[in-house]
Amino acid sequence: KKGGWTLEEDLILINYIANHGEGVWNSLAKSAGLKRTGKSCRLRWLNYLRPDVRRGNITDEEQQLIMELHAKWGNRWSKI
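Taking our numbering, I'd label the letters of the sequence shown as residues 1 to 80.
In short, the hints are calculated from the structure, not lab data. None of the values given here were measured: they were computed from a predicted structure. Heads up, the beta-carbon is just placed ideally off N, CA and C, and yes, glycines get one too. Hints are supplied without guarantee of correctness; some may be wrong.
Claimed, not checked - Okay, derived cross-link-like pairs now, DSS-like style, lysine-lysine, Cα gap no bigger than 25 Å in a straight line: (1) LYS39 <-> LYS2; (2) LYS39 <-> LYS79; (3) LYS2 <-> LYS35; (4) LYS72 <-> LYS39; (5) LYS2 <-> LYS30; (6) LYS1 <-> LYS30; (7) LYS1 <-> LYS39.
Said to hold, decoys possible - DEER-style ranges, computed between Cβ atoms: (8) GLY4 <-> SER31: 14 to 24 Å; (9) SER78 <-> ASP52: 15 to 25 Å; (10) GLY3 <-> GLU61: 30 to 40 Å; (11) LYS79 <-> ARG54: 14 to 24 Å; (12) LEU11 <-> THR37: 17 to 27 Å.
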């Protein structure tokens with residue numbers, strides 16, 4: 001399935017992970033009954049639905065840390 005995620009799909013994914021945990025994403029998508037790819041489910045969970053995902057502006061301290069690390073490592077973002 002392509003396109004944006006519906007609230008129903010989000011709830012299915014959240015409930016499935018709450019009951020079964022994270023796992024092999026390709027089989028998780030099928031087991032949960034979602035017509036999405038495993039990659040799509042993984043990205044939705046990691047980037048939007050996980051309870052510890054913070055949204056909003058970064059703090060001044062976080063910005064300073066990013067600038068310091070960038071001065072040290074350049075554009076090696078995976079290292080930062």
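Tested hints:
Simply put, LYS39 and LYS2 have alpha-carbon atoms about 12 Å apart, close enough for the 25 Å limit, and the pair holds. A hinted pair counts as satisfied when its Cα atoms are at most 25 Å apart, and LYS39 with LYS79 qualifies at roughly 23 Å. Only pairs whose Cα atoms come within 25 Å are accepted, and LYS2 paired with LYS35 is accepted, the gap being roughly 9 Å. With a CA separation close to 33 Å, the supplied pair LYS72 and LYS39 exceeds the 25 Å bound.
For a cut-off of 25 Å, the pair hint linking LYS2 to LYS30 stands: about 16 Å separates their Cα positions. Taking the CA atoms of LYS1 and LYS30, the gap is near 12 Å; set against the 25 Å cutoff, the hint holds. As the CA atoms of LYS1 and LYS39 are separated by approximately 12 Å, the hinted pair is consistent with the 25 Å bound. Distance hint check: the CB atoms of GLY4 and SER31 are about 22 Å apart, consistent with the given range 14 to 24 Å.
Between SER78 and ASP52 the C-beta distance comes to about 20 Å, which sits within the given range of 15 to 25 Å. The given range of 30 to 40 Å is respected by GLY3 and GLU61, whose C-beta atoms sit roughly 38 Å from each other. Remark: the range hint 14 to 24 Å for LYS79 to ARG54 is upheld by a beta-carbon distance near 21 Å. A hinted range of 17 to 27 Å holds for the C-beta pair LEU11 and THR37, which are about 19 Å apart.
Violated hints amount to a single one, hint 4; each of the other numbered hints is respected by the structure.
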